[in-house]
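> The residues making up each chain are set out below.
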Amino acid sequence: MTESRPMVDLPSPNRLKVQRDRPFGLIALILFQCFCTAFFVYDVTRDLDEGLTSLFHMLPELAATVGLVIGVVFEGRSLVALLRRQARMEKGLGVASGALNDVMEGYFRQWALTPAEQDVATFTIKGCSIADIAQLRGSAEGTVKTHLNAIYRKAGVQGRSQLVSILIEDLMGAPLIGKEKPAP
Amino acid sequence: MQKIRVWDPLVRLFHWSLVAAFIANDFLTKPGRETHRLVGYTVAGLISVRLIWGLVGTQHARFADFLPSPRAALGQLRDMATGRRHVHVGHSPLGALMIYNLLLTMAGLAASGYAMTTVAFFGVEWMEELHEALVVWAEMSIVLHVLAVVVESRRLGINLPKSMVTGYKTVK
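Taken in sequence, the protein lines are chains A and B.
So the first sequence is numbered by the working numbering: it starts at 1 and just counts up by one.
So the second sequence is numbered by the working numbering: it starts at 1 and just counts up by one.
Check before you lean on any hint, since a few could be wrong.
[Stated by the list, open to error] Quick list of simulated restraints, FRET-style, between CB atoms:
#: 1; chain 1: B; residue 1: 143; chain 2: A; residue 2: 138; range: 25 to 35 Å
#: 2; chain 1: B; residue 1: 100; chain 2: A; residue 2: 77; range: 22 to 32 Å
#: 3; chain 1: B; residue 1: 153; chain 2: A; residue 2: 171; range: 38 to 48 Å
#: 4; chain 1: A; residue 1: 161; chain 2: B; residue 2: 100; range: 48 to 58 Å
[Claimed, not checked] Sample of chain A residues lacking proximity to chain B, with all beta carbon distances greater than 12 Å (derived):
#: 5; residue: 24
#: 6; residue: 69
#: 7; residue: 107
#: 8; residue: 112
#: 9; residue: 120
#: 10; residue: 125
#: 11; residue: 153
#: 12; residue: 166
[Unchecked claim] Listed below are the simulated DSBU-like cross-link pairs for lysine-lysine, each with C-alpha atoms no more than 35 Å apart in a straight line:
#: 13; chain 1: A; residue 1: 145; chain 2: B; residue 2: 162
#: 14; chain 1: B; residue 1: 162; chain 2: A; residue 2: 126
#: 15; chain 1: B; residue 1: 172; chain 2: B; residue 2: 162
#: 16; chain 1: A; residue 1: 145; chain 2: B; residue 2: 172
#: 17; chain 1: A; residue 1: 154; chain 2: B; residue 2: 30
#: 18; chain 1: A; residue 1: 126; chain 2: A; residue 2: 145
#: 19; chain 1: B; residue 1: 30; chain 2: B; residue 2: 172
#: 20; chain 1: B; residue 1: 162; chain 2: B; residue 2: 3
#: 21; chain 1: A; residue 1: 145; chain 2: B; residue 2: 3
#: 22; chain 1: A; residue 1: 126; chain 2: A; residue 2: 154
#: 23; chain 1: B; residue 1: 162; chain 2: B; residue 2: 30
Hint data in this document are derived by calculation from the structure and do not stem from the laboratory.
No residue lacks a Cβ here, since even glycine has one placed at the ideal position from N, Cα and C.
With these hints in hand, go ahead and build the complete structure from the sequences.
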């Protein structure tokens, strides 16, 4: 797998779409809620300092703080998911990126790939060479090879072509090995 | 391994002087006392020097080198989410946003602190509350700044605090 294909960074429709849904709204909401949380925590500590520890006063504030923290965690998770999705699409995955992306995401979750492994797997599926991936990710080629070995091991495949064919099978909606698969 | 000279002595001196001044006024000196004021004036002086240095200083000290860019900041968040490792020689895009935030906050602290000593605002309650609110904002920002430096140092494999002491980033 050492064929080298130049990375072409053309403005594809995907690219335009990615640029349109930038998650600035979500980021602003997360920052705002973090600020609210910090405010409540600060307020609670100040109340404690002043000896204002009545249950009726503290309970709603604590509940609000916990609620905010839970909200921030959930939003943070969806932001990370969104960023990874965008990272996958930014270099122009090609025509099938919508459906392919869904299938890939499903498998990556099932195989429990780490974020870095997911990124490397995406580039590999796109046909990037190890040298390309190392350059794109700013890491050493040895690191990329380590990621690839982990990906193939977790996916239970021998190499890139088998990895790709798993996805192709799903995209074509024709299970070849009699394995139950969700309809596309 | 590559050793890149990034921060000139003035930037480093500014950074650690500001750290010392903020710690001094937040924890050590008493508000309203002479030392608290003197330290506040020092902060104002530091900020002024840094603003000028941001126009005429060395490459990575100049504001033109780290203009606020939401697009680049988003790119850095994406790198963090996917474990990509793109090293920024000077300030990273997210780091730049924090620097502007801290510069503005510190300038606001110095200004509101000074205002309280003037005849027009002496004893005016909202000015005191503004000063206190800015302290809380600064504390929150500093906590976030330190956390981010630790996270980025680990992600990139570069000792960022050390580079603010020696002036060099050691990039693999």
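> Which of the numbered hints are not met once you compare them with the structure shown?
Numbers 5, 9, 14, 17, 19 - these are the hints that the structure violates, sorted from lowest upward.
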